[in-house]
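Chemist: Taken in order, these protein sequences are the chains called A and B. For the first sequence, my numbering gives the first residue as 1, with consecutive numbering after it. For the second sequence, my numbering gives the first residue as 1, with consecutive numbering after it.
If you're looking for bench data, these hints aren't it; they were derived computationally from the structure. Do not rely on the hints blindly, as some may be mistaken.
Chain B regions said to be covered by chain A (calculated; three or more residues, Cβ under 8 Å) [as the list claims (entries may be wrong)]:
1. 19–31
2. 51–60
3. 83–94
4. 100–110
Each pair of labels, with its calculated beta carbon distance range [to be verified]:
5. A:Thr205 <-> B:Ala129: 29 to 37 Å
6. A:Arg132 <-> B:Ala129: 35 to 43 Å
7. B:Val166 <-> A:Val58: 54 to 62 Å
8. A:Glu72 <-> B:Asp115: 19 to 27 Å
Below, a list of computed lysine to aspartate or glutamate pairs in the DMTMM-like style, where the Cα atoms sit at most 20 Å apart [to be verified]:
9. B:Lys30 <-> A:Asp121
10. A:Lys146 <-> B:Glu37
11. A:Lys146 <-> A:Glu131
12. A:Lys146 <-> B:Asp125
13. A:Lys146 <-> B:Glu113
14. A:Lys102 <-> A:Asp121
15. A:Lys102 <-> A:Asp120
16. B:Lys30 <-> A:Asp120
17. A:Lys146 <-> A:Glu6
18. A:Lys146 <-> B:Glu92
19. B:Lys30 <-> A:Asp233
By construction, the Cβ of each residue, glycine as well, lies at the ideal position given by its N, Cα and C atoms.
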Amino acid sequence: MTYVLEVPQIFDERSFDQFAAGYAGSEGDPRVLVDAHAAEWASPSGLLGLLCAGQALVARRGNRPLFTVPAEREVAHYWARAGFFTHAADLFEIHGTVPRVKPNPERHVLLEVTPVTVADDVHAVVGRIQERSAAILTSELGLDPKATMGFGMALSEACQNIVEHAGTGGWVAVQSYSWRTIGRRVVVIAVADAGVGFRQTLEATQAKRFGDRWGDAAALETAVIQGVSRFRDPGRGQGLAGIRRYLDRWHGKISIRSGTARIAIVPAWDRDEPLREGLPHFPGAQVQLVVPEVEREAQ
Amino acid sequence: MIFEIDLREVLARSVGSPHSDLVTRSTGAKVRNSIEESISGRSADSPVVLDFSSVRVLDCSCADEVVAKLLLHCRAGAAGHAAWFVIRGLTELHAEEIDHVLRRHSLALVAEEQDGRARLLGDVDDSAAAAWRVLADRGGAEDEDVAAELMMGQDETRRLLDGLVVAGVVRRAEGRYLPLTAA
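In isolation and in its complexed conformation, chain A is listed as follows (with noise of 0.2 Å):
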């Protein structure tokens, strides 16, 4: 018997969580169709839980998932655009037809889906970024030229964390796009892998002094608020502080989830729940950083 794992049709940070119980809920199915033939748009975050679901189902089944290419031809497209079969190929048995596309890139892909195992790749991202990310910061999101290499910075340790704490390779994806809730366009990083977690990273030193409360929510604000890493080392743990420094100046946001735990460090212009616990268990973690168009009254 074959489960079926539904794809939302607009699979976001807000969906997420019904992917994720989707993916849950196949445990013990023998084999499982992530089914996108509906899906209308996906977040760079979207596309990577795909890939993350793919990892985790493939690495607990030892065979390839099904996968279905969405309908809409324009929404196959994007995301061929945006690179997301490129690695699917490799984690599903994709069924439908996959566009080929150009490699002149989507304006509004800033960085296709690309692959981050190793510090190189760290490196190469972070050097591919560089050059496409200022003119849609400085010309389209109104920010300060400054802001361009602080995005390289704040792209860096998030794509460390994978290198550093997964236990396995993930993925990285930046997007510009409209931000539904403000009306103001965005650029969004996602980073997201299906490693280990924070809470398994974690739990060897700070397990204890937590006691009964020690779960993914603990561990996810030990690494985000207060930037304690498994290391005894002051000066480790510190990429996420300066991905929230970074997002302070320029009014950004970041949120990760990471098992059955979510935490957002929201701003203003946002309504999200800075913590939320007892959510369907997802593997690995995922990174979401936005930052925003100016305001235009701000300018």
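Fit chain B to the known structure of chain A by using the hints.
Modeler: Then chain B, alone, in the frame of chain A:
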């Protein structure tokens, strides 16, 4: 004689990167090792200048390895000697990252601004920073002159200045305290 190190050159030599981005902890460790090799056995009479002018992106992890760990290693003698460091060519963001990592390790460092003025980065309290500013403006002074300028007791001033010597941002010569600079 001042020994100047171009971080971009070290980056190219250490990891063969065509970019000018100092990112990732492992890259930082390689760059630091390369710097330690190049200053090994060198006299500690004059400062080593770390030039960041050609560096584009600097992240926290790399700054921690290249700057903070370098200071810790050289003080601990891991590089075979003690060394004095001055840093130059920083953008505002570079300075922010370096200041942050220095504070995490209770370290301090002199940074030379593009106009030639020097400033302190890292973990220095306000009184010590004021004493250092007096030295920087005068190009050096005796403790009693600094005490008079700051209207502080001489013992307390000496304690501040000796603390700056230990921090590696001031040197003592012939009874005077001299701010560490690249000049």
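Chemist: Decide, hint by hint, whether the structure agrees.
Modeler: Structure-based check of each hint:
no., hint, verdict
1, 19–31, "holds (count 7)"
2, 51–60, "holds (count 5)"
3, 83–94, "holds (count 3)"
4, 100–110, "holds (count 4)"
5, A:Thr205 <-> B:Ala129: 29 to 37 Å, "holds (35 Å)"
6, A:Arg132 <-> B:Ala129: 35 to 43 Å, "holds (40 Å)"
7, B:Val166 <-> A:Val58: 54 to 62 Å, "holds (56 Å)"
8, A:Glu72 <-> B:Asp115: 19 to 27 Å, "violated (58 Å)"
9, B:Lys30 <-> A:Asp121, "holds (16 Å)"
10, A:Lys146 <-> B:Glu37, "violated (33 Å)"
11, A:Lys146 <-> A:Glu131, "holds (13 Å)"
12, A:Lys146 <-> B:Asp125, "violated (28 Å)"
13, A:Lys146 <-> B:Glu113, "holds (17 Å)"
14, A:Lys102 <-> A:Asp121, "violated (23 Å)"
15, A:Lys102 <-> A:Asp120, "violated (26 Å)"
16, B:Lys30 <-> A:Asp120, "holds (13 Å)"
17, A:Lys146 <-> A:Glu6, "violated (42 Å)"
18, A:Lys146 <-> B:Glu92, "holds (9 Å)"
19, B:Lys30 <-> A:Asp233, "holds (18 Å)"
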